[in-house]
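Each chain, written out:
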Amino acid sequence: MPKRTDIHKILVIGSGPIIIGQAAEFDYSGTQACLALREEGYETILVNSNPATIMTDTEIADHVYIEPLTVDSVSRIIRQEYPDAILPTLGGQIGLNLAVALSKTGILDELGIELLGTKLESIDEAEDREKFKELMEDLGEPVPASQTVNSIDEALTFAHQIGYPVIVRPAFTMGGTGGGICHDDTEMKSIAKNGLELSPTTQCLIEKSIAGYKEIEFEVMRDAADNVMVVCCMENFDPVGIHTGDSIVFAPNQTLTDREYQMLRDCALKLIRALKIEGGCNVQLALDPHSYHYDVIEVNPRVSRSSALASKATGYPIAKMAAKIAVGLTLDEIKNPVTKTTYAEFEPALDYVVCKIPRWPFDKFTQADRHLGSQMKATGEVMAIGRTAEEALHKAIRSLEIDEKDLFSPLAHGATAAELKDKLIHPQDDRLFYLAEAFRRGYSLSQVHDLTKISVYFLDIVKHLVELEGELSDNPFDPETLTTAKKYGFSDQTIANLWKTTPAKIRAFRKQNEIIPVYKMIDTCAAEFASSTPYFYSSYDHESESQQTKQPSILVLGSGPIRIGQGVEFDYATVHCVKAIQRAGYKAIVINSNPETVSTDFSISDKLYFEPLTLEDVLNVIDLEHPKGVIVQFGGQTAINLAADLAANGVKILGTTVKDLDAAEDREVFDKVINDLKLKQPVGLTATNHADVIKAATKIGYPVLVRPSYVLGGKAMEIVYNQDELQQYLQQNATVTADHPILIDTYLEGRECEVDAICDGKNVLLPGIMEHIEHAGVHSGDSMAVYPPQHFDNDIKQQIVNATKKLAVALKCVGIMNIQFIVHNHEVYILEVNPRASRTVPFLSKITGIEMAQVATKVILGQSLADQGFDDGLYPEPQTIHVKAPVFSFNKLAGVDSFLGPEMKSTGEVMGSDHTFAKALRKAFVGTHVQLPNYGKVLLTIEHGNEDKILPIANRLRKIGWQIITTGETDDFLENNNVHIMKVVQGTNEIKQLLKNGQIDLVINTMQHDYEQNSVGFKIRQDAIAQNVPLMTSLDTVRALLSMKESQALETITIE
Amino acid sequence: MKRYLILEDGTVYTGEAFGSTTFSPGEVVFTTGMVGYQEAITDQSFANQILVFTNPLIGNYGINNEDNETLHPQIKGVICHQIARVPSNWKMTESLPAFLEKNNIPGLSGIDTRELVRKLRQYGTLRGIMTDTLANTEKTVALLQNSTPTKGIISKVSTKEAYANPGLKRNIIVIDFGMKNSILRELNKRNCNVTVLPYNATASEVMELNPDGVLLSNGPGDPTEMESAAEMVAEIEQHIPIFGICMGHQIFALANGAQTYKMKFGHRGFNHPVRDLHTGKIAFTSQNHGYAVDPASIANTDLKITHTEINDGTVEGLEHIKYPAFSVQFHPDAAPGPHDADALFDKFMKLIDSHKEVPAYA
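From first to last, the protein sequence lines are chains A and B. Per the UniProt record's numbering, the first sequence starts with residue 1, numbered consecutively. Per the UniProt record's numbering, the second sequence starts with residue 1, numbered consecutively.
Chain B with its partners taken away, still in its complex shape:
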């Protein structure tokens, strides 16, 4: 069956339908990762976005029960060049199209995805919507031009209620801005006792739980909408070790007076080389962000740049010069993507441990 992608500039791509028939507008973005479509599709940072895979063949190994980053993906569409007819993997429980259908996510295959990616690279992220009819194209374009797909999105993807993910060691609070399960997996591996709080948790709510450390999660959309979260961070950072990831990194920057900006087409993929400015070492990182911290805005803050992308110089890591707090723009939790930076979780653990050793009122 034919299916179309309509962009805000009026371009129409015609391909083949798969997945669900529930269509909503989204920001059309692309990822260059060649594996890990399941993790990407279930990554809440893609909420209200339509994801184009540059890898032409998607669905090859189906979907399994282990690699979900959330149980309720909010992505608004999956676009690829070819969808596998017969997926195969020992862990597979269902096919990608079946999974998408179940989760109300439409899919589109058979379009020239490279052409679309080149367009996005040139014009930047564009809004778009899938449809099975071209009856109202003009109206749809007008609607797209007035749509704000990712506005207020964090409130929709964040947990409504606090919940525990128990462990035996350090007490960690994770603030959920659209958290990927991989963050919990990494904390679990380190036997942390985790409490996940909604995005709008206040400083006192956090402090009441007497955490050893706070992790600010990843999440979709514009960080400047998270003003209250930034205020919360500004209050607690002097007391508790903080680790920000992706959205968490941007909120940490905003909390300390830095600025963020919307990138032209963002970083989405796993081959972004990032240099650790302390060690000079380079890691390939998993990335998914459309906003970034403005390096010029760091100058008059208490922040220091710790990581940069080696090709375009994007700020990829920050630390506080006074407090035990740091953040990275990329995903050390990988999934999908390389594990090159997972030692950052160990760094967080060490920071917590050394902070605990210092008497509170010395």
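Excised from the complex, chain A in its bound form:
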């Protein structure tokens, strides 16, 4: 069927801010979809609240709206744009839910707007638990028996009916807490009791346990002509029981016989046909490892994280094809964009092994519960490709950028026998390392299998690598052993550790023995057809299919997996850097390891190497490609961290030199630059014992900001006002040693702001100044920010511009840099300089229209700012106001304190833009789903010492009709100051109950010293998040919220 000509204008809904479970993959799929629709000649409108994405670039759609993803706001856009149709299946669950909600309001019928792709009834049928169960019964497809219960008796009755083991899943609890597997009545009584208590709705789902089954995923596609196909089948290393987003996954499936595979494939295709999906769909199945019995776990009637992974694993662009199917094209008439000779109706054949490992945020959230279960906890993932399963696994581990670079973990190695066993039975994110440790200690495959239920086939991959470690240790500098080790993915670093030498020596020895990797192409067809995809992976095999790029090329390093602090923003910058390189007439080569991103779409760059971002892997590519140079400024800290070692290996780093990159990060050198330039920065000292800390504080003068250089949980940064408080602080944070010194800085009260500056060595362009809404103490990534600044006069702006220009030139920046300032007593102090693109680049680029990453790239390639038409200094400010607000994923992670501090905790961000600050703020709050009534009940729980600050806030809240609930101490203070208190609560249980009953609309909690998991402050915050009640831990955020609410409220004034 040819594409539809009765529709012309299509609205695409994005997925909003990045949260756990909904990450960059939807930027990739949404971008692909928009481009595919444009390719077919449709006018596209895009709405997404997330400014950090490629998809919200003006080049991607004809009309881009960075607006909240709410019914209200999207309805306004619809009434303005009158699209003929909406494509909702590419924006994750958010996009899908919004489409459903829009349809319920009747606006789509009223305006005759069609939903493209899968029909709403089908979506409903796949997502509504009961309807789905019915459909499965009709189709004769098995699902695990389950029932919702509200009491322990009901739970027991149902468990007896279906037989143990069963899983208890409490409804709506944070991070799936309170659930568990029960093997008998005793366990059931205790777990169900706990689950029911924790559930805000006193409800649990009791489900037949299929833990231990093989978890198999199919990515399937269907078109309106009912053609169906499987793009990829993936098998989880971890059996059923761990969320697939938290599981290690291999592709293609590894342990299924043809009989098993075809049985499951038939099921997947039957489901997609029954649901009449038009586009992509994900089917998760569980196969009993001891019979032909299987269960359907779930169906996602849309593109998903798995489809992004499947696209990168096979080369088959699922989202692009799904968009084309949505406008009526069929799979047999769309050309396969990989081979260009075959059609899209083609089930890819892989001739390599793909391994995905999730990237968890536990390096930042050290207090979080690291156990894995049905609630996904990972923020991102890495993918690695090899010709052996061992190679793929090894490459994936070193792509993670965690402490472990191979299967050896010192922590696992030091575990007691009991700890080891516990870690095997109760999986955490680090189980892989404990598996390896178990084999090192002589566990057999079957012993480990009994404890973990992981297939012995998969376990042997780990065991094999442990055995090879031993072989390596026994045969230092033996070329044959080295060849074998490389085939199985051992890094030079790991081999160096085993041979007690340096990776550089291994590298030299390897090259001397001609043990170098080849690069294989990903072509969807296992070489059956000729293909020219510029998509490669390395392997220690024989024939290389990648030749050095003939035209001059430039290598761009990506930013690896999405994690807290290094999100999709850096992928945005990477992609723009690539574009600028191409526009300057060079070939752009990308190395990256993240399957969720736009930068790893092989159609973006001239050549994509899907490789770990380690020195060895990058140097190997450079050895083949001999690029003119490498650009490291856009790949976040990942790329910057590689710069020095690359340069030491003779690689040319383009832009700011390695020496000058160091100057920004070396405190001593940096201090000198600041002094020479006569700029100001807070005085900072370091001390390694208690006496020196006190001496330093006295020298600097109180108040001071104290923090350990090594921050655990990000809670130990504190402002102390006198020596007594400092003594107290030191008692609580006792371990001050040479390894863990304490940093003492002047505490400057004031407003923070930051700039991203582009410098060509002579001139400096400041696209804009972003003012932070929260004061010092909250990480800039977690802070709300506004552009243009609302509180700075021209003099301050000029100070910022001057300081920036001086610094950029003095630090010999060529390219882009980020500077954080604090404005104190009308003077500008420099807090920090990052010699690279920051997370605010996409935000400012979109607002100002300056493609900052592209401008900076051109500068790096030698085109001056003047040549690009930019004046020196601050770019003129617009009439509009733009607010950035952070978005958190606390409800997915049990045990993480939501109090905002110096360690970043947010996973994503939204932007609100309008003509007044209040309106922009409102959109930003709405975008983050902080939906507050105009008046209601607020719980004030205040840190001792905050009282004077809370009084004006309490009065303002009262003035617009909020009722105040508070605890004892705060109550006395407010009552004494004539603030009416509605209720005084005693203890956390009462607060919990009020929250549960919906009697609190907003929680303001500044109890920053209460960060122990059993403290009052911590409990209140946890309960607020568990009950989905908006929580604010910074009074600055509250003030912003108030000014927004006040602007909406009409004044009520008595006649005097």
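In short, the hints are calculated from the structure, not lab data. Even glycine gets a Cβ: it sits at the ideal position worked out from N, Cα and C. One or more of the hints may lead you astray.
Claimed, not checked - PhoX-like cross-link-like pairs, simulated, lysine-lysine; straight-line CA separation at most 20 angstroms:
1) A:Lys-500 to A:Lys-511
2) A:Lys-678 to A:Lys-812
3) B:Lys-281 to A:Lys-270
4) A:Lys-812 to A:Lys-762
5) A:Lys-992 to A:Lys-937
6) A:Lys-208 to A:Lys-193
7) A:Lys-131 to A:Lys-119
8) B:Lys-91 to A:Lys-453
9) B:Lys-304 to B:Lys-281
10) A:Lys-335 to B:Lys-281
11) B:Lys-281 to A:Lys-276
12) A:Lys-992 to A:Lys-1019
13) A:Lys-628 to A:Lys-579
14) A:Lys-3 to B:Lys-281
15) A:Lys-678 to A:Lys-797
Said to hold, decoys possible - Computed far set for chain A versus chain B, every beta-carbon distance over 12 angstroms:
16) Glu-40
17) Glu-877
18) Pro-1030
Start from chain A and add chain B according to the hints.
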């Protein structure tokens, strides 16, 4: 232990040995299927061929007793990138290397299989042999160049004697040109009463058994060697419904005056999309063929093309415009491969039933 693959053009690949040490020349071909190595290895259509798996990891789930396509595989070698150290599956009875050793099939792992496949794609199917010594390479190459591994192969893989595979319903004769057991499984599922005859069964031998339908099986080698079988088909097709699969499809084409040709490197795998020209529907099919029917040769025959491969246009299905006879180039019996086309067996059953309803001498 080191093992080598020598090709007729003199190329030598060095890898690791597994399986048996009995070496014979074979046509080196590749399959892109990612599962189903047991079915492939026991598929007689691979007789006297050396099979390269593009999937780099083979042997993961071992070998079981249920998935054999023949009990006496005639494949001359298995080549893969990596062989599983520890296979695992609840049905497994032995490992792949053990099975190969028992069946005198040598294996070679650890070579760059993608490089080999790219070569085969470029130069077409090549003859080759495995060896554990490079002492006589030149002689071996000369021998390969003069070898005809698949000549006369059907006579070796076909049953020598007729045998029954009883059922209660329709009487079906299967002519065994190297039949896969999956064909019998599909007929069994439909409760057919099956008699399997050798490849050289004559028309009168077939007619004597008074069948309701005749199924021409798959098999290895060049269909033009099956002249007598084609003559047999030409005689019976006017009387009895016929269903040809793979080799059977080619013989059916030859019986009706069409021509076949040797393909460059054939179709082997399960992701070949085939369009049913009647319905427009596409099915992913299991394929294993090195020869195909020349579409140009159909013009002056009583045949009609019913199926084509959507990418290269290969003739994938034919039907007779007068008689109740049809054939497909692919394997609707799958094993290994998708079940998308298994309704063709139902079509055959319907054809038989409707043919039976028509009075014989009307």
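Against the structure, the hints:
no. : hint                    : result
1   : A:Lys-500 to A:Lys-511  : holds, 19 angstroms
2   : A:Lys-678 to A:Lys-812  : holds, 17 angstroms
3   : B:Lys-281 to A:Lys-270  : holds, 15 angstroms
4   : A:Lys-812 to A:Lys-762  : holds, 9 angstroms
5   : A:Lys-992 to A:Lys-937  : holds, 14 angstroms
6   : A:Lys-208 to A:Lys-193  : holds, 18 angstroms
7   : A:Lys-131 to A:Lys-119  : holds, 15 angstroms
8   : B:Lys-91 to A:Lys-453   : holds, 17 angstroms
9   : B:Lys-304 to B:Lys-281  : holds, 17 angstroms
10  : A:Lys-335 to B:Lys-281  : holds, 17 angstroms
11  : B:Lys-281 to A:Lys-276  : holds, 16 angstroms
12  : A:Lys-992 to A:Lys-1019 : holds, 9 angstroms
13  : A:Lys-628 to A:Lys-579  : holds, 17 angstroms
14  : A:Lys-3 to B:Lys-281    : holds, 18 angstroms
15  : A:Lys-678 to A:Lys-797  : holds, 17 angstroms
16  : Glu-40                  : holds, 21 angstroms
17  : Glu-877                 : holds, 56 angstroms
18  : Pro-1030                : holds, 49 angstroms
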